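J.: Residues per chain are reported as follows:
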Amino acid sequence: MTDAPMTDAATRAPVVDAEEARRAKSRKIEATARYTLPVLCMVLAIFAWDRIVAINEIPHYILPAPGLVWAYLVENWGNLTDAALLTGRITLMALLVAVIGGAGLAILFNQSRMVELSFYPYAVILQVTPVVAIAPLIFIYVESKTVGMLLCAWIVAFFPVLSSTTLGLNSVDRNLRDLFAIYRASRWQRLIHLQLPSALPYFLGGLRIAGGLSLIGAVVAELVAGTGGVGLGLAGRIQEAGYRLNIAGMFASLSLIAAMGVFIFAALSLLSHLLLRKWHESALKREG
Amino acid sequence: MNRERRELLHVSGVDKVFAGNVEALRGLDLTVRQEDFISLLGPSGCGKSTALRLIAGLSTPTSGKIEWRGDHGAGDIGVVFQEPTLMPWATVSQNVYLPFRLVGKSYNSVRDEVLEALKLVGLEKFQNAYPRELSGGMKMRVSIARAMVTRPRLILMDEPFAALDEITRFKLNNDLLELKAQIGCTVIFVTHSVFESVFLSDRIVVMAARPGRVTEELRVDEPYPRPESFRTSAAFADHARRASEALETAMEAA
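Quick mapping for you: the protein sequence lines, in order, are chains A and U.
When the first sequence is numbered by full-length UniProt numbering, its final residue is 288 and no position is left out of the sequence of numbers.
When the second sequence is numbered by full-length UniProt numbering, its final residue is 254 and no position is left out of the sequence of numbers.
The shape of chain A in the complex, shown without the other chains (with noise of 0.2 Å):
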């Protein structure tokens, strides 16, 4: 008889009602069509292009076929990925002075008032005016492309970090704050402690802005510039082939810089991602 209880559980078929069947069936669903949804999406696409310019005989100094662009991308591969690795060493390079900019700006203007009132509305106009704008400027007094380059990228992408990683700072939990000043805390274990870590869902999702526009900010100043001296970035080169009519040079440079803009996004989602899993809301897995 000691079997008894194990047999039991052993022959009763685990209890799955309607409902819940229904609900894991369309969650399997969803997983699958994540992933292949948009794999169909542009397979069909780039196959309606390949029809398109087949059956109308487009030419391909207008719109060249898929095929082309493709034939162009693996036979220029080592030039294009030089051309890759300037510009994202000038992305990820405005990227950081980014942070330690925008970051650094936050933590000053939270450490002291009047230094907040004094500098955040420049802060703001350095935001607001298009970069493509100053770009032509900034190439007239500084002598060297690369650091040119870096403060076009720097002045699209610090603001996000700086505007958001200030909210966070100033959200920290009020009944935090009390206790902290009853332990009488100083103002520095008051920031390290307890201000930073609030602090760090906030600049995390402002770091993730920062990462596309400091790509489109290389970009813009290579565009503006020309690269002339340091070598020739994406950007020069969707220019170059545009001056020889090389239409599927241009979109071969295009599809790198856009591959390039969703690694880095999916890099830093992945970093937030990990940083914040053990204990922020928005990482935690998502239940039924």
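Read the hints as simulated data drawn from the structure, not as lab findings.
Incorrect hints may have been included.
With a Cα cut of at most 25 Å, we get these calculated DSS-like pairs of lysine-lysine [unchecked claim]:
1) U:Lys125 - U:Lys105
2) U:Lys119 - U:Lys105
3) U:Lys171 - U:Lys125
4) A:Lys278 - U:Lys119
5) U:Lys119 - U:Lys180
6) A:Lys278 - U:Lys125
Keep in mind that this is a model prediction, so the values were computed, not measured.
Since the structure of chain A is already known, use the hints to place chain U on it.
T.: Chain U only, in chain A's frame:
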């Protein structure tokens, strides 16, 4: 119980007026002795939380004095708020370690105290958990552990169990008394529950609103430790009736 306990804190004639001439507290007199368990009982707006903030040093009185007997430094006051108020990015043990961290002690040098505090609230197994993994009652226990880990001279509690369900609240009431028996802490406890104040405290300070002031002080001369059965005893009912009447009078006066 009857031996004269040492005076810890003396509050005399404290008024607090907020901007716009809002009189939050008028003429508060209160003497706190060691191992007192004082409840501040009253309707909302009676200044009980204001009184707590003044004693915590988070705000200064408009007039009157708050005097501590003996040395008084960081870590001499522990606080429990209505919310658990834990740092979500830190583990349970890191949260409890916070008061020590802020006075510059390394975790290793106080690990025993932190673990002891967690053991007292029954959470030693959860030291590496993050707050979001805990239930509301467990979070509140962590908060209590943090408040007492430095063995403060005074623990201030601002309606700590008000947001919890009744079953959890009863359990935490019992545990709090057990804790008091073990470490002999002094507590000022803000509540608007008559039953909670009677069960927990030996002195109930009844307050009225507009302006916030003390209308009556009752004693609950029942020895600690108080068993669960005290809740259903005739003596409890008697104290509760007196406290209810005092509260009613206070509310009529307002």
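J.: Decide, hint by hint, whether the structure agrees.
T.: Tested hints:
1. U:Lys125 - U:Lys105: At roughly 23 Å apart (the allowed maximum being 25 Å), lysine 105 (chain U) and lysine 125 (chain U) satisfy the hint.
2. U:Lys119 - U:Lys105: Distance of about 21 Å is within 25 Å: holds.
3. U:Lys171 - U:Lys125: With Cα atoms ~19 Å apart, lysine 171 (chain U) and lysine 125 (chain U) stay inside 25 Å; holds.
4. A:Lys278 - U:Lys119: At roughly 24 Å apart (the allowed maximum being 25 Å), lysine 119 (chain U) and lysine 278 (chain A) satisfy the hint.
5. U:Lys119 - U:Lys180: 14 Å, holds
6. A:Lys278 - U:Lys125: Measuring from Cα to Cα gives roughly 18 Å; hence the hint holds.
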